[in-house]
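Participant: Each chain, written out:
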Amino acid sequence: MRDLLAALTELRERLQEIPQADERRLSDLKTEILGRKAGALTQILAALPRLEPAARKQVGGAANALKRDYETAFAARERELKHAGDAGGAGAGVDLTMPGRARWVGGLHLVTQVVDEICEIFHELGFTRAVGPEIETERYNFYALNFPKDHPALDAQDSFYVGGDLLLRTHTSPVQIRTLESYPPPIRVVIPGKAYRRDPFDASHAPVFEQIEGLAVDDGISFVDFKATLATFARKFFAPDTRVRFRPSFFPFTEPSAEMDVQCRICQGAGCPTCKQTGWMEILGSGMVHPAVLENCGVDSEKYTGFAWGMGPERIAMTRHGIPDIRLLFESDVRFLAQFARGPR
Amino acid sequence: MIVSRRWLEALLGQALDAGEAAAQLTMHAAAVDAVVPLHQDLGDIVIARVLEVRKHPNADRLTLCRVDVGGPDGPVEVVCGAPNVQAGKVYPYAPVGGTLPGGVRLERKAIRGVESNGMLCSAKELGLGQDHSGILELATDAAPGTRFVDVVPVADHQIVIDVPASRPDLLCHKGVARELAASLGGVVKLPEIPSGQAVRRSGDATDRPPVRLTGGEGTVDGVRVSLEDAEGCPRYIAAVIRGVRVGPSPAWLVGRLGAVGQRPINNVVDATNYILLELNQPLHAFDLAKLRGPAVVIRRAKPNEKIVTLDGVARALTPEMTAICDAERPTIVAGVMGSAESEVTTATTDLVLECAYFQPTRIRRTRRALQLSSESSYRFERGIDLLGMPDAARRAIELIRAVAGGELREPPLDSWPQPVQEATIFLRPERVARLLGVGIERAEIERLLTSVGFFVAPKDGRLAVQVPGWRPDVTREVDLIEEVARLKGYDAFPDELRPYRPGTVPDAVLEEAKARVREQLARAGLYEARTIPLGPADGPEAVAIQNPLSADEAHLRRRLLPGLARRVEHNWANRNRDVRLFEVGTVFRMGKGEGEKGKGAPEEWHSVAGVITGSQRPPHWSDSAKVPDMDIWDLKRHFELAVEAAAPGCTVQAATGTGAGWVAVQRGGEVVGQAGSLEADSPVWAAPLFGFEVRLETALRDVAPYRPLPTQPPVERDVALLLPAGVTAAAVAAVLARAMGPLLERLEVFDEYRGAGVPAGQRSVAWHCTFRDPTRTLREREVDELLARGLKALEDELGVRRREG
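Protein chains in written order, with the numbering used here: chain V, 1 to 345; chain L, 346 to 1150.
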């Protein structure tokens, strides 16, 4: 027993070595003293059951106290060394240029991000989101929208039919009709969703694409409100100094109809291949709601006026991020998705 | 539509800057897609006069010419190989050092021992045609040395206009010139036809207006015309021109057509094409000699009546189509294409000229049924100028006679059973202000509308506006307001935000639900994919597309997973091993019940799916071993996350049946989702692939209530249990929870072990139990009693015992 107590005293003196130990020495000391099998202190503790009860109590108390002191000292020195490493770098043998530990991250598709961003901007302008089915009737997809039967305007809307007069909607515009039929003015909605056209895949066409339509109808809405709302959107979406222009166009469901261009983001209007040397990029088709559309929905077209627009988030994403081929947006190559991975907004 | 700058200049009587014209058209009429310069590369070519032609000393076929090129050093020597070179004539000349079209620089070199100072050029060498049989002889008295492009009008610009379906008036030069005159100032006047007057003789019928018929039948110069189908053809003007000489067109006509990309055919056809492009009036000239009767009958085709069209294809007609026939059979598919047989050839001397208006929807259906379109059908489908036809016919006759000779013995016959006049629309200036948001002076409105051919007269405080025949798109007041807006210029209107009233439509719950799921799965480390909803049939209920682009994409998806699995294969093909994707999208199936869109109409709903394969986490240099690949336990967690977000209230349960997997079950027992291993075409280095899919519920989510944070300390116990075969962890957890009551706060599995020390067929599962009483400190003894109660219940109910040692 006396031997054991002496050994303990000796061991206690060695506590002083700990504050000077470097990482390697510390690890050696730990093994030497507290090692699971051959540790000096471990062996003393292991010998306890063989002692007389009184001796066991005396030696055991001292040994356990020493063990606690060692553990505290080791932990303190480890913390010290770790902090030295954090602050001082290589001095402590830690190469801080080594890569950190990563975890998998995911993210929303670029087109979803653009859709969310657009809806958010229009939300600030008082627009809520409305949605509708992707399989539609000809009435909702065409005729209520003032497409004349057998008119060349239908050519640009080559559609997939699924039986009878049911087709995959060629734009999200049918939701304009559904909204006008279900809610009284004032109406301010944006309509995100998929649309389908019978275009084979190529660099700039996809048979399925995302569209965001918008509709505002109220007593007294004018061409000025229309221009202001969409120009405000463009400045919020692109940059505050974005230049926009409106020019004549044709859609059966708007009159006057307009196309909105923004100054080319790449050449700043000087002309480049991306903007086909025009200095402008087409962003959306739009116009004042055709009175026939309002009438088709039972809305008084003398009292109420409005504006509507439609745009393609894929096209806008490609414009803004310089993506040359729309197919990249559908391939789902994780290297592509990771480039634009941004967490949920 | 391609228009030529020079052609527009001829109509406007003034020079145009192509870029400026394009800008004006874009901002006021229709977008210009491109401005293409033509023959701008002839700047080095000059006019040269050949003074003397001698034989080349060393070659029989070559000549030596002394040529005046207007240079200060007098005439130069040129070697020429053309058979048609003659002293005294004028040719285009390219000097050594100059550049030919195509960018070839002319080098000084000796030809058969004689040095040439330059080259006399053929049409082909200048890019002006295919003629390479000789050099291009010029009829000009311009001084030698004058730039070729200043003398010969070939330098031009094509202006490519994207004409919308609503503006047929912009499908011709006159219509485009009209818009330019409105925005740039000026008037449009048809240019004189070169030598148009010269062939005219006294007593000629050309100057007389067509004879108007309101009945269906008449005769012109021996040809009987009967209009039987006035619905398909409301107006038909026919003229007979006798004694034409069919041959090549004069250079000016070839030049005009060439400038807009049209190849010359013969003088008669070229003349009709010219009128088409000038006035948007399609014309048809056919050989009178081949006309049986001779008669022109405009009628509905008989069922299955046959015609061989100009493109050599035999076509069967239907009574839905209008045909132009002779006494026996069809010679033209009205408004679309003529027959090869009745075509004008070099042998033609007498011809019938047709100037007609065909009903647009009739033409559209015919064109689609025959899958045959032409310049004519394109224009008829959009609506031509019904009221301008007599003028177009007169000009066509004058042009044909100017380029092909012939005479008109009788004025044309104009069959028009139900004549109509210009439509009148009333426009209220206050409505203009209301719709456009700024007031526009009445005089300004009048000026703008008049500038593009509307006739405006004030009437009772409104404006009575007469719509010209070339604007079939203008049918109501709002159309006139658009005219005012575009002619004034959209940019002239302010764009200040004005106050608005909030809308009545609530934000769509579906979009909220989709956003919630996307957020959850993106946070869990998955990338969002967007696949297309078209693919092969993925089950008996798949909705078929009736007119698919390809057999591979002939159905709408019933589930998202197959599409995502294909995306994983695409990633593997690009050597991406770690692939974690999800999608939130629409899926479809054949409907069974009565829906809004009729009985049996397809149904659609939203679905959420994910696929995972690859390492559990990115490797790190400090790892002691390779990071394990994702397995079914990763799948289970992702599935639980998806179900929690997409279908709250559903539980995830082990699937019964073959294979390891889970299902999501609604409270009522309906299965709304599943998860498991996926089969895919995987490379050897790929990790196992797992997938899940669950139906998206769009209900609003409950608000999460606050639960007070515990203030009392927990008591923790670890317990290892021996589970006989067939006893599940879930069953054990359920028994423990019930037996130990509300003081058991948490149960976590932290280990599973089979092997030494555990009886065969059993397994040891270790649990970490947390006990807590929210109001007071639990005593160890109480916890021991609780645990004992739990263990007893386990033993009694499941035969599960504590593992000793």
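Just so you know, the hints here were simulated from the structure itself, not pulled from any lab data. Worth double-checking, as some hints may not be accurate.
Unchecked claim - Quick list of in silico lysine to any residue cross-link-like pairs, SDA-like style, CA-CA up to 25 Å:
hint	chain 1	residue 1	chain 2	residue 2
1	V	K303	L	P847
2	L	K937	V	E138
3	V	K236	L	A860
4	L	K937	V	K149
5	V	K236	L	E864
6	V	K149	L	P847
7	V	K194	L	A899
As the list claims (entries may be wrong) - Covered by chain V, per the in silico footprint, the following chain L stretches (three or more residues, Cβ under 8 Å):
hint	stretch
8	774-786
9	945-952
To be verified - FRET-style restraints, in silico, Cβ to Cβ:
hint	chain 1	residue 1	chain 2	residue 2	range
10	V	R139	L	K937	19 to 27 Å
11	V	D158	L	S967	51 to 59 Å
12	L	G1106	V	Q16	36 to 44 Å
13	L	A1044	V	T242	37 to 45 Å
Cβ coordinates follow ideal geometry from the N, Cα and C atoms, glycine included.
Participant: Is the Cα-Cα distance between K236(V) and A860(L) 25 Å or less?
Facilitator: holds, 22 Å
Participant: Given the hinted pair K937(L) and E138(V), is their alpha-carbon gap at most 25 Å?
Facilitator: Given pair K937(L), E138(V) holds - Cα atoms ~21 Å apart, limit 25 Å.
Participant: Check, residue by residue, whether the stretch 945-952 of chain L contains three or more positions whose beta-carbon lies closer than 8 Å to a beta-carbon of chain V, and give the verdict.
Facilitator: Result for this restraint: holds, n = 3.
Participant: Mind checking the hinted window 37 to 45 Å against the Cβ distance between A1044(L) and T242(V)?
Facilitator: holds, 40 Å
Participant: Indicate whether the distance between the beta carbons of D158(V) and S967(L) respects the range 51 to 59 Å.
Facilitator: holds, 58 Å
Participant: Check the following: the C-beta atoms of R139(V) and K937(L) are separated by a distance inside 19 to 27 Å.
Facilitator: For R139(V) and K937(L) the Cβ distance comes to about 23 Å; the hint holds.
Participant: Counting residues of the stretch 774-786 of chain L with a beta carbon closer than 8 Å to any beta carbon of chain V, are there 3 or more?
Facilitator: holds (count 5)
Participant: Run the distance test for K937(L) versus K149(V): straight-line Cα separation, threshold 25 Å.
Facilitator: violated, 31 Å
Participant: Sort out whether P847(L) lies within 25 Å of K303(V), counting only the CA atoms.
Facilitator: holds, 18 Å
Participant: Please verify whether K236(V) and E864(L) have alpha carbons no more than 25 Å apart.
Facilitator: With a Cα-Cα distance of about 24 Å, the restraint between K236(V) and E864(L) holds, given a limit of 25 Å.
Participant: Given the proposed pairing of K194(V) with A899(L), does the C-alpha separation stay at or below 25 Å?
Facilitator: holds, 18 Å
Participant: Holds or violated: the 36 to 44 Å window for the beta-carbon distance between G1106(L) and Q16(V)?
Facilitator: Violated: the Cβ-Cβ distance is about 57 Å, outside 36 to 44 Å.
When the structure is compared with the earlier hints, violations turn up for hints 4, 6 and 12 and for no others.
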